[in-house]
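Visitor: In case you want the letters, here they are:
There are 2 protein chains.
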Amino acid sequence: MPKKAIVLYSGGLDSTTCMAIARAEGFKPYAISFSYGQRHSVELDLAKANASAMGAEEHLVVDFDYRKIGGSALTGDIAVPKDGVGNDIPVTYVPARNTVFLSFALGWGEVIGAHDIFIGVNALDYSGYPDCRPEYIAAFEKMANLATRAGVEGTGRFLIHTPLIDLTKAEIIRKGLSLGVNYARTHSCYDPAPDGAACGLCDSCRLRLKGFAEAGLQDPASYMKR
Amino acid sequence: MPKKAIVLYSGGLDSTTCMAIARAEGFKPYAISFSYGQRHSVELDLAKANASAMGAEEHLVVDFDYRKIGGSALTGDIAVPKDGVGNDIPVTYVPARNTVFLSFALGWGEVIGAHDIFIGVNALDYSGYPDCRPEYIAAFEKMANLATRAGVEGTGRFLIHTPLIDLTKAEIIRKGLSLGVNYARTHSCYDPAPDGAACGLCDSCRLRLKGFAEAGLQDPASYMKR
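Quick mapping for you: the protein sequence lines, in order, are chains A and B.
Going by my numbering, 81 is the number at position 81 of the first sequence; the sequence numbering is gapless.
Going by my numbering, 96 is the number at position 96 of the second sequence; the sequence numbering is gapless.
Read the hints as simulated data drawn from the structure, not as lab findings.
One or more of the hints may lead you astray.
The list treats identical chains as interchangeable, and a pair is accepted whether it falls inside one copy or across any two copies.
[To be verified] In the DSSO-like style, the derived pairs of lysine-lysine whose C-alpha atoms are separated by at most 27 Å in a straight line are:
(1) Lys210 x Lys68
(2) Lys4 x Lys68
(3) Lys48 x Lys68
(4) Lys4 x Lys82
(5) Lys225 x Lys28
(6) Lys142 x Lys210
(7) Lys28 x Lys82
(8) Lys68 x Lys3
(9) Lys4 x Lys210
Let the hints inform the model, and build the full structure from the sequences given.
Guide: Given below as structure tokens:
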């Protein structure tokens, strides 16, 4: 029987590729998404519509309002920057977001007996978020095994899988295509139009477009007309 | 100016004592509570009513439905055991709960510039939860400093304070009383009556009553008549 895995699934390019990889590695993916007050809820709508087609056995959506925490362009009143990817941690960084997401994944994993957790973080073509780095992931994994029944009772060991961490965006796209991912059904923009069209200018759009260009491909997502 | 500290505050005996200790150590407490679908919501109501009187500068209540995750007597349909404190991890253990709570605390702390986080875990008179042990707390702290901007930019270091971890329940109560805590306004029961009266039989009530008895004191909380 295939092993269950939790997959953090936003409906974006990276997490959708990550789900395809989990499946290709023989896991049964249990997708978890978060409705946390993000301004780009188009992504979540796509995640809900496509989870099953993308191979999820189940799809859990956890709701909470991270706007109460604030501190980010993705949840607050700060504008999303559109002038290119810089070297500092940008205002789109959401404080402790991956830690909150992975914690819920850990709880669900413990309940359903899934000790493998996939997260599509990437430390190469990325925005410089601290919680996308390998040393952070290793520390979370260590903590996870001390936090839980499985770790104490020796009935399993949690593994955080980051299959995209060392890949360029172009490599991620090629990998996903080889596994049958339909990128027309993924969304990455931080600040989409009401009809869901991507802005083409935020860090996330720029990294995505650069990835498709480097892979010699056309991005099938829809972008705002200019 | 006093430093800000985040205090995980459930409205129970331990977390209320913890807030008093944070204040006594010179911190300005920012209390965070969680409405997560717990069956003992009396505790949360008390937390909301008393946070300010107990010394909190602000009180943030984060809502999410952990019943979707399940796996615990505190959130699910499993009955709360009333036959005494055992040696195994009991069914009242909520998978990854402290990790989820601390993660939200970390996010809020990063936003408001509070690098000190207080949590009233106790590894002596406790129910045997894996996420109350010192080795877990140390691993969370390490992860927290890799997860965040402050850790990367060197602008602060998160510290998880666990002032109750080595104390007996009686010592916690004596400490709280010396700091002016009014325990009549705290609640600990896992399965209270609709009017808020504590059951007196769940692990949490047993540990609390034992604590007051060992301290040679009467618990001022209200218990169900038998």
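Visitor: Evaluate each hint against the coordinates.
Guide: Status of each hint after checking the structure:
1. Lys210 x Lys68: neither (34 Å within a copy, 38 Å between copies)
2. Lys4 x Lys68: between (33 Å within a copy, 18 Å between copies)
3. Lys48 x Lys68: both (24 Å within a copy, 16 Å between copies)
4. Lys4 x Lys82: neither (39 Å within a copy, 34 Å between copies)
5. Lys225 x Lys28: neither (39 Å within a copy, 50 Å between copies)
6. Lys142 x Lys210: For Lys142 and Lys210, neither the intra-copy (34 Å) nor the inter-copy (35 Å) Cα distance is at most 27 Å.
7. Lys28 x Lys82: neither (38 Å within a copy, 38 Å between copies)
8. Lys68 x Lys3: This pair counts as between: shortest inter-copy Cα distance 21 Å, intra-copy 37 Å.
9. Lys4 x Lys210: Neither, since 33 Å and 42 Å both go past 27 Å.
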